[in-house]
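J.: Produce the complete structure using the sequences and hints provided.
Here full-length UniProt numbering is used: position 46 in the sequence shown is 46, and no number is missing along the way.
Just so you know, the hints here were simulated from the structure itself, not pulled from any lab data.
Errors might be hidden in some of the hints.
As the list claims (entries may be wrong) - In silico DSS-like pairs for lysine-lysine, Cα to Cα no more than 30 Å straight-line: (1) LYS40 / LYS5; (2) LYS43 / LYS13; (3) LYS5 / LYS43.
Said to hold, decoys possible - Label-pair restraints from in silico Cβ distances: (4) LYS57 / ASP37: 16 to 24 Å; (5) ASP47 / GLU25: 16 to 24 Å; (6) ASN63 / LYS7: 17 to 25 Å; (7) GLN35 / LEU59: 13 to 21 Å.
Bear in mind the structure is a predicted one, so any value in this text is a computation, not a measurement.
The C-beta atom is built at its ideal place from N, Cα and C for all residues, glycine as well.
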Amino acid sequence: MPIGKVKWFNNAKGYGFILPEGSDEDLFAHYSSIQMDGYKTLKAGQDVSFDILQGPKGLHAINITATEPAVSKPTADTENTSQEVETLYSET
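T.: Set out below in structure tokens:
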């Protein structure tokens, strides 16, 4: 099964592109081809494995599986230390 990295993925539109390892040709990736439970999405830079299918307009990645879970960086709004959280709860 080939591997590659997600080049970009638009959650609102439900598609993006994957760059296979050792290739310069992008593969179309549709959310319906992502193999995961829950909300099906990919993150730019995420490592994935997939199968390749020749579609009418080019190559498609199918059976897309993340090789490791996507990690979201916390934003300034969500970065709280355990001490800050404890203080918030003890003040109420």
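J.: Look at each hint and say if it fits the structure.
T.: Verification of the supplied hints:
1. LYS40 / LYS5: holds (16 Å)
2. LYS43 / LYS13: holds (14 Å)
3. LYS5 / LYS43: holds (9 Å)
4. LYS57 / ASP37: 16 to 24 Å: violated (29 Å)
5. ASP47 / GLU25: 16 to 24 Å: holds (18 Å)
6. ASN63 / LYS7: 17 to 25 Å: holds (18 Å)
7. GLN35 / LEU59: 13 to 21 Å: About 18 Å separates the Cβ atoms of GLN35 and LEU59, which means 13 to 21 Å holds.
Of the numbered hints stated above, the single one contradicted by the structure is hint 4.
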